[in-house]
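Undergrad: Chain residues, written in single-letter form:
Protein chains: 2
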Amino acid sequence: MKIKRNERIGALVKILTDNPNHLFNLSYFTDKFNAAKSSISEDIVIAKKLMEDLELGKIETVPGAAGGVKYIPVLTKEETKEILDEVCNKLKDPKRIIPGPFLYMADIIYNPATMRKVGNIFATQFMDKEIDYVITVETKGIPIAMMTANALNVPLIILRRDSKVTEGSTVSINYLSGSTGKIQTMSISKRAIKPGSNVIIIDDFMKAGGTAKGMVDMMREFDANVVGIGVLISTKEPEAKVVKDYIPLLVLDHIDDREQNVIIYPNEELV
Amino acid sequence: MKIKRNERIGALVKILTDNPNHLFNLSYFTDKFNAAKSSISEDIVIAKKLMEDLELGKIETVPGAAGGVKYIPVLTKEETKEILDEVCNKLKDPKRIIPGPFLYMADIIYNPATMRKVGNIFATQFMDKEIDYVITVETKGIPIAMMTANALNVPLIILRRDSKVTEGSTVSINYLSGSTGKIQTMSISKRAIKPGSNVIIIDDFMKAGGTAKGMVDMMREFDANVVGIGVLISTKEPEAKVVKDYIPLLVLDHIDDREQNVIIYPNEELV
Numbered sequence: 219m220k221i222k223r224n225e226r227i228g229a230l231v232k233i234l235t236d237n238p239n240h241l242f243n244l245s246y247f248t249d250k251f252n253a254a255k256s257s258i259s260e261d262i263v264i265a266k267k268l269m270e271d272l273e274l275g276k277i278e279t280v281p282g283a284a285g286g287v288k289y290i291p292v293l294t295k296e297e298t299k300e301i302l303d304e305v306c307n308k309l310k311d312p313k314r315i316i317p318g319p320f321l322y323m324a325d326i327i328y329n330p331a332t333m334r335k336v337g338n339i340f341a342t343q344f345m346d347k348e349i350d351y352v353i354t355v356e357t358k359g360i361p362i363a364m365m366t367a368n369a370l371n372v373p374l375i376i377l378r379r380d381s382k383v384t385e386g387s388t389v390s391i392n393y394l395s396g397s398t399g400k401i402q403t404m405s406i407s408k409r410a411i412k413p414g415s416n417v418i419i420i421d422d423f424m425k426a427g428g429t430a431k432g433m434v435d436m437m438r439e440f441d442a443n444v445v446g447i448g449v450l451i452s453t454k455e456p457e458a459k460v461v462k463d464y465i466p467l468l469v470l471d472h473i474d475d476r477e478q479n480v481i482i483y484p485n486e487e488l489v
Numbered sequence: 219m220k221i222k223r224n225e226r227i228g229a230l231v232k233i234l235t236d237n238p239n240h241l242f243n244l245s246y247f248t249d250k251f252n253a254a255k256s257s258i259s260e261d262i263v264i265a266k267k268l269m270e271d272l273e274l275g276k277i278e279t280v281p282g283a284a285g286g287v288k289y290i291p292v293l294t295k296e297e298t299k300e301i302l303d304e305v306c307n308k309l310k311d312p313k314r315i316i317p318g319p320f321l322y323m324a325d326i327i328y329n330p331a332t333m334r335k336v337g338n339i340f341a342t343q344f345m346d347k348e349i350d351y352v353i354t355v356e357t358k359g360i361p362i363a364m365m366t367a368n369a370l371n372v373p374l375i376i377l378r379r380d381s382k383v384t385e386g387s388t389v390s391i392n393y394l395s396g397s398t399g400k401i402q403t404m405s406i407s408k409r410a411i412k413p414g415s416n417v418i419i420i421d422d423f424m425k426a427g428g429t430a431k432g433m434v435d436m437m438r439e440f441d442a443n444v445v446g447i448g449v450l451i452s453t454k455e456p457e458a459k460v461v462k463d464y465i466p467l468l469v470l471d472h473i474d475d476r477e478q479n480v481i482i483y484p485n486e487e488l489v
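Here the protein sequences come in this chain order: H and P.
Take 219 as the starting number for the first sequence in the working numbering and just add one per residue.
Take 219 as the starting number for the second sequence in the working numbering and just add one per residue.
If you're looking for bench data, these hints aren't it; they were derived computationally from the structure.
Treat the hints loosely; a few may be bogus.
[Unchecked claim] Label pairs and their calculated CB-CB ranges: (1) P/Lys267 to H/Ala458: 55 to 61 Å; (2) P/Gln478 to H/Ser259: 45 to 51 Å; (3) H/Tyr246 to P/Asp249: 30 to 36 Å; (4) H/Lys220 to P/Ser257: 22 to 28 Å; (5) H/Gly399 to P/Asp441: 35 to 41 Å; (6) H/Ala458 to P/Asn392: 41 to 47 Å; (7) P/Ser397 to H/Ile391: 24 to 30 Å; (8) H/Glu273 to P/Arg476: 54 to 60 Å; (9) P/Asp441 to H/Ala331: 21 to 27 Å.
Just so it is clear, CB atoms sit at the ideal spot from N, CA and C, and this is done for glycine as well.
Make the full structure from the sequences, and use the hints.
TA: This is the structure we're talking about:
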């Protein structure tokens with residue numbers, strides 16, 4: 219079956235978009251579309267240009283025998299701002315204030331369409347590192363970390379709050395949760411992480427940074443290098459967290475239970 | 219800026235693919251591409267045909283003023299078989315057997331590329347229902363449930379093993395875990411689910427079905443209708459689970475610790 223150019227371009231974009239950061243050899247497309255390599259190369263040039271012109275991410279070609287073509291879900295500053303403003307405006311709703319005070323945000327951080335975009339923001343921030351795994355700890359950070367891992371095309375690793383028999387031999391560490399002031403445990407299967415890997419840590423919320431610090435310590439057990447830490451929301455206070463070099467997407471300044479007011483804003487360095 | 223047809227088709231497919239089951243009004247594309255409605259309609263016809271011809275999912279048009287166009291990540295039986303065979307073959311590796319015996323599978327169920335496909339399988343199975351939420355319980359089912367929710371474009375709801383202060387008022391229930399024989403608790407914020415909703419339950423593993431039954435019972439507290447239950451793996455024994463009408467993707471027959479043999483196969487009704 220002969221496939222026309224505009225059909226090939228549609229299909230090429232579909233396949234690349236479905237598989238972010240996955241490198242496809244050109245022969246994958248010459249076989250699938252029953253077309254010459256030169257035609258596919260021209261298709262890629264057109265696809266590349268349209269993605270750039272319309273700011274739909276980036277198509278990158280890698281030369282050489284082991285090369286090919288891949289889609290990178292990179293976002294512009296404007297898109298990042300638009301996404302973060304939208305999330306921020308939802309979080310400002312005083313109906314979200316619950317005794318503590320805390321902010322109810324499960325409906326936002328479990329929303330796939332929103333987290334897909336947030337995952338692309340994190341992927342854009344950490345794209346230049348050679349990342350082997352995205353690390354998170356159960357539970358609320360998982361959807362964000364999953365979508366970040368999806369955008370980067372690397373495995374997700376979930377640290378558990380307790381060790382499970384279904385995981386085989388595990389490594390456990392204790393850490394001090396700054397928010398609760400309590401000693402907590404996290405554990406992970408010994409076989410989960412290859413020694414010497416590069417990882418990024420992704421979580422939903424950071425106050426003092428104790429949980430992120432726990433994850434950093436855990437990575438040391440695997441001789442893994444933490445090349446980045448990203449959180450959806452960090453609190454403004456305390457300003458000195460127990461980890462440094464973390465990227466918050468939003469900064470929570472204050473929840474005023476009495477005045478029913480939430481002060482939260484996007485990280486200015488990103489927008 | 220004037221955008222050519224083959225660029226428009228590439229961009230249209232990109233935007234639709236990025237947002238499964240999201241209905242776009244035609245004016246979204248006429249504005250974005252600075253093109254006439256008739257041109258966009260022709261683009262859609264071409265995109266629709268190429269998706270069908272190459273089995274890349276489905277583009278559906280909804281007529282009327284509130285209508286538009288959307289991408290549905292539906293899979294053919296052949297694709298479903300291919301995905302399930304691949305997962306099955308990985309799970310058969312005797313190196314995965316851990317004392318219990320259990321199967322180590324974190325690397326598979328936390329792999330975004332694999333779970334994206336598995337999410338599309340579940341979405342294909344439950345697509346004809348009017349689904350409001352995908353429900354799961356922490357922890358290992360979350361990535362699968364997230365990708366299913368993403369494919370269906372509905373929110374994910376995660377039931378917690380204990381109630382958290384950050385969730386406000388919660389509803390909790392106790393249930394009997396058939397695997398462990400222990401009474402366990404699950405809880406969820408009262409505001410998480412709108413009464414009268416249609417939900418599907420997605421989890422990674424089912425033995426006796428106690429956990430799924432707990433989720434069904436929890437849904438009753440919200441007057442929610444469970445319109446489907448999907449699990450990645452169900453054990454062959456016991457054949458009579460405490461829930462009925464569940465769809466397993468894989469059936470685990472036996473883990474033979476001594477012979478280092480794992481017998482697992484795809485659900486024959488799906489492939």
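Undergrad: Does each hint fit the structure? Answer for all of them.
TA: Cross-check of the supplied hints:
Taken as a hint, the range 55 to 61 Å holds for the pair P/Lys267 and H/Ala458, whose Cβ atoms sit roughly 59 Å apart. At about 48 Å, the beta-carbon gap between P/Gln478 and H/Ser259 stays in the expected band of 45 to 51 Å. Take H/Tyr246 and P/Asp249: their Cβ atoms lie about 34 Å apart, and the range 30 to 36 Å holds. Under the hint 22 to 28 Å, the C-beta atoms of H/Lys220 and P/Ser257, about 24 Å apart, fit the expected range.
A beta carbon spacing of about 39 Å between H/Gly399 and P/Asp441 agrees with the range 35 to 41 Å that was offered as a hint. At about 42 Å, the CB distance of H/Ala458 to P/Asn392 agrees with the hint of 41 to 47 Å. Separation of P/Ser397 from H/Ile391 is about 27 Å and conforms to the stated range, judged on CB atoms against 24 to 30 Å. Between H/Glu273 and P/Arg476 the Cβ separation comes to about 58 Å, which falls inside the hinted range of 54 to 60 Å.
In this structure, P/Asp441 and H/Ala331 meet the distance hint of 21 to 27 Å, their C-beta atoms being roughly 26 Å apart.
Hint compliance for this structure: no hint is broken.
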